[in-house]
Amino acid sequence: MRAMVYRGPYKIRVEEKDIPKIEHPNDAIIRVTTGAICGSDLHLYHGMMPDTRVGMTFGHEFVGVVHEVGSSVQNLVPGDRVMVPFNVYCGSCYFCSRGLFSNCHNVNPNATAVGGIYGYSHTCGGYDGGQAEFVRVPFADVGPAKIPDWMDEEDAVLLTDALPTGYFGAQLGDIVEGDTVVVFGAGPVGLFAAKSAWLMGAGRVIVIDHLEYRLEKARTFAHAETYNFVEYDDIVMLLKKATDYLGADVVIDAVGAEADGNFLQHVTAAKLKLQGGSPVALNWAIDAVRKGGTVSVVGAYGPIFSAVKFGDAVNKGLTLRMNQCPVKRQWPRLFEHIRSGYLKPSDIVTHRIPLEHIAEGYHMFSAKLDDCIKPLIVSTPA
Amino acid sequence: MAEIPTPYTAGKPGLKESAEELRARIPGWGVDLDPADRPSFPREQPGIETGAHWDFPERQKEEWPRERSIEHAFVTPVFGTSTPPKGASGAIRKYAYARFSEGRAAHWLLLIAADRVDAWEHHLSSLATLRPDNPVTETGVLSEFSRHGLSSRFGRKRADVNHQWIDPILVGGPWVLAGLGGVAAVRALRRAAGRK
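In order, the protein sequences belong to chains A and B.
Going by the working numbering, the letters in the first sequence line up with residues 1 to 382, in that order.
Going by the working numbering, the letters in the second sequence line up with residues 1 to 196, in that order.
Chain A with its partners taken away, still in its complex shape:
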């Protein structure tokens, strides 16, 4: 089969690999029909995530058709069209049995602090991902679900991570009616978080980024008020004035490890790998939220230390909430919202790239060329 493989920081190529095998009785092998590149894949691509090995196939956002199932699989048969949450999880450990699917303890020998994620380094379990023609999906009776007949393939692929993560980010904010919600980052997750904040009754939604074309999308797609932080000497001060010196009730960090806005923070984290992530957006969130407010973090950070302004968070009495999204818990509600027309996730897709051209796709997405917001990987015909 053809598969994307990592060759070292900023370098990937497509290679011929063996089709994955059933390695456990509850495995399924999925033939991928549509995949995506996630903003968090760029952290791997840039060499920021510890134990990212040359030869690994990335990709944790994918949908496809069941090709083969293991002997204990009860819910899927070959030919089923399925969507697969980015979480690899067992459904039975201490954490899964309480709904913390993204914190599974039975799928990642490499780390206890992280669950399993497809194609996301050995720190997340060492699973090859879905930027390939085929992918191994463990616990086929737990994670994947059949794609409803009425659902578009592109909406389905965005339900495997970006949309549920954005919606979950808004949930973590514990938004109540009338709240002022600030979202840092107008990428796919930030756009979905902003849109979801309205569903939860926000009275005002403000999105901050430095890419004008993404802020335009935040205005049209997510009905948000927007500011480009490059235009302001101090974005925190702007937000304080915009909220009558109170600060926002809720701030969502949808940026994560490669945040811009502070040269030193960005270079020490993203270029020199001396921090787990550049905490610019997180620090702005801590400073821009009101005392007693909530900061929700769904941006991805690496496992090593970052220079976070923790004292401010303590002194302001903040609630900090964060996690990788337990995707499948969000699905029933998000299916309803898509059916009702409140959400149309594929509206944010800007590029559809064949697997053979994935190296150009990564560069374009990483360098933010061609007004790229969300690139999908379209299948090679079977």
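Calculated from the structure, these hints are not laboratory results.
Some hints could be false.
Claimed, not checked - Each pair of labels, with its calculated beta carbon distance range:
no., chain 1, residue 1, chain 2, residue 2, range
1, B, Gly30, A, Gly292, 47 to 55 Å
2, B, Leu177, A, Glu336, 52 to 60 Å
3, A, Tyr232, B, Pro42, 32 to 40 Å
4, B, Ser101, A, Gln74, 32 to 40 Å
5, B, Lys12, A, Asp152, 38 to 46 Å
6, B, Lys12, A, Thr268, 37 to 45 Å
7, A, Arg98, B, Ala98, 25 to 33 Å
8, B, Leu124, A, Pro78, 23 to 31 Å
9, A, Tyr232, B, Tyr95, 25 to 33 Å
10, A, Tyr232, B, Ser146, 29 to 37 Å
11, B, Val117, A, Gln74, 43 to 51 Å
12, A, Gly292, B, Leu124, 51 to 59 Å
13, B, Glu63, A, Arg219, 51 to 59 Å
What the hints assert, rightly or not - With a cut-off of at most 25 Å between alpha-carbon atoms, the simulated SDA-like pairs for lysine to any residue come out as follows:
no., chain 1, residue 1, chain 2, residue 2
14, A, Lys240, B, Gly172
15, A, Lys240, A, Arg321
16, A, Lys271, B, Lys12
17, A, Lys344, A, Glu177
18, A, Lys344, A, Glu216
19, B, Lys12, A, Asp312
20, A, Lys271, B, Arg25
21, A, Lys316, B, Pro35
22, A, Lys344, B, Arg25
23, A, Lys271, B, Leu177
24, B, Lys94, B, Arg116
Glycine residues also receive a C-beta, built at the ideal position from the N, C-alpha and C atoms.
Starting from the known structure of chain A, fit chain B onto it as the hints suggest.
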């Protein structure tokens, strides 16, 4: 005296738009208004239906001694089998896992160091194959031409332009240094041979 800003008195700030106005402007406004009626509330739901039909999963066969965090009691029953550890990078990785818990910076810094060694091992070994690493195709840099590299960056008030110049140095710099080192080594050998 000017009006006193919100936080100095007890009142909440007034809404810019009423609920009715927001509902009319934004499709679905308020459909998930009740915090107790959201999918991840409460955060922990003991006994939640997951589809698992086992108490503890059957164990996947271990094809090689699987490196694991020492914070785990054993190798988890299911694990990824991509790219087993090999060479010097593999030795560093195995040491990082066997010696340091996830709580130690050394664990992660060794793994990051192993990643750099791994890349060099593969770059060098690829030179002995029919498909050596090609920095032009593998970096996808040709999309600079097909995807409007200049107009996407300049005149657009982007914050990241101030550090993107570092990327070619990070990617190409080690190759240039290795090349210069190789040339210096050859010259030194020649000088040594000339003296004999």
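Against the structure, the hints:
1. Gly30/B x Gly292/A: 47 to 55 Å: violated, 23 Å
2. Leu177/B x Glu336/A: 52 to 60 Å: holds, 57 Å
3. Tyr232/A x Pro42/B: 32 to 40 Å: Since Tyr232/A and Pro42/B have Cβ atoms about 39 Å apart, the given range 32 to 40 Å holds.
4. Ser101/B x Gln74/A: 32 to 40 Å: holds, 38 Å
5. Lys12/B x Asp152/A: 38 to 46 Å: holds, 41 Å
6. Lys12/B x Thr268/A: 37 to 45 Å: holds, 40 Å
7. Arg98/A x Ala98/B: 25 to 33 Å: holds, 31 Å
8. Leu124/B x Pro78/A: 23 to 31 Å: Violated, since Leu124/B and Pro78/A (Cβ atoms, about 42 Å apart) do not stay within the stated range.
9. Tyr232/A x Tyr95/B: 25 to 33 Å: violated, 47 Å
10. Tyr232/A x Ser146/B: 29 to 37 Å: holds, 34 Å
11. Val117/B x Gln74/A: 43 to 51 Å: holds, 44 Å
12. Gly292/A x Leu124/B: 51 to 59 Å: Taking Cβ atoms as reference, Gly292/A and Leu124/B lie about 56 Å apart, which means the hint holds.
13. Glu63/B x Arg219/A: 51 to 59 Å: holds, 52 Å
14. Lys240/A x Gly172/B: Not OK: Lys240/A and Gly172/B at ~43 Å, beyond 25 Å, violated.
15. Lys240/A x Arg321/A: holds, 22 Å
16. Lys271/A x Lys12/B: Given pair Lys271/A, Lys12/B is violated - Cα atoms ~43 Å apart, limit 25 Å.
17. Lys344/A x Glu177/A: holds, 23 Å
18. Lys344/A x Glu216/A: holds, 17 Å
19. Lys12/B x Asp312/A: Holds, because 23 Å separates the two Cα atoms, which is no more than 25 Å.
20. Lys271/A x Arg25/B: At roughly 43 Å apart (the allowed maximum being 25 Å), Arg25/B and Lys271/A break the hint.
21. Lys316/A x Pro35/B: Holds - the C-alpha atoms of Pro35/B and Lys316/A are around 23 Å apart, at most 25 Å.
22. Lys344/A x Arg25/B: holds, 16 Å
23. Lys271/A x Leu177/B: The given pair, whose Cα atoms are some 18 Å apart, holds under the 25 Å limit.
24. Lys94/B x Arg116/B: holds, 15 Å
Figure legend: structure checked against the earlier numbered hints; hints not met, in rising order: 1, 8, 9, 14, 16, 20.
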